[in-house]
Amino acid sequence: MKTGNTFLFLLLLLNGGVMLAAVAEPLSTQEAAFLCQEAEQFFHQANEISRQEPARARELTQRAAARYERVIAESSLHNGPLYYNLGNIYFKMG
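Reminder that position 47 of the sequence shown reads as 47 in the working numbering, one-by-one numbering, no gaps.
It is worth saying that the hints were derived from the structure and are not from the lab.
The reader is advised that the hints may include incorrect statements.
[Unchecked claim] With a straight-line cut-off of 25 angstroms between C-alpha atoms, the simulated DMTMM-like cross-links for lysine to aspartate or glutamate are: (1) K92 / E53; (2) K92 / E69; (3) K92 / E59; (4) K92 / E38; (5) K92 / E74; (6) K92 / E48; (7) K92 / E25.
This one's a predicted model, so the numbers in the text were calculated from it and none came from an experiment.
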């Protein structure tokens, strides 16, 4: 029974952490722009090395996707080019 209580406590603790993360401050315009710039750099680097280092290229592509996803989730920046770039990354990832 003690294991069940511990599990329930950990589950509630984790859920509270997720809820706090959801209430966090939105990204500023500057932070969103920086993340987009970083995503573009990762994507271009991935394209340049895709034949020589496919594993590293996949990692860079995933990093680019994560940056765009964060901008969409945590900022007020929502425009066609942003979704277009993310769509290209998803297409490349398969």
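Hints and how they fare:
1. K92 / E53: This hinted pair holds, its Cα atoms lying about 15 angstroms apart.
2. K92 / E69: Within the cut-off at roughly 15 angstroms; holds.
3. K92 / E59: 12 angstroms, holds
4. K92 / E38: 17 angstroms, holds
5. K92 / E74: Status holds; Cα separation ~24 angstroms.
6. K92 / E48: 13 angstroms, holds
7. K92 / E25: Roughly 31 angstroms separates the two Cα atoms, so the pair is violated.
In this structure, only the earlier hint numbered 7 is contradicted, and the remaining ones agree with it.
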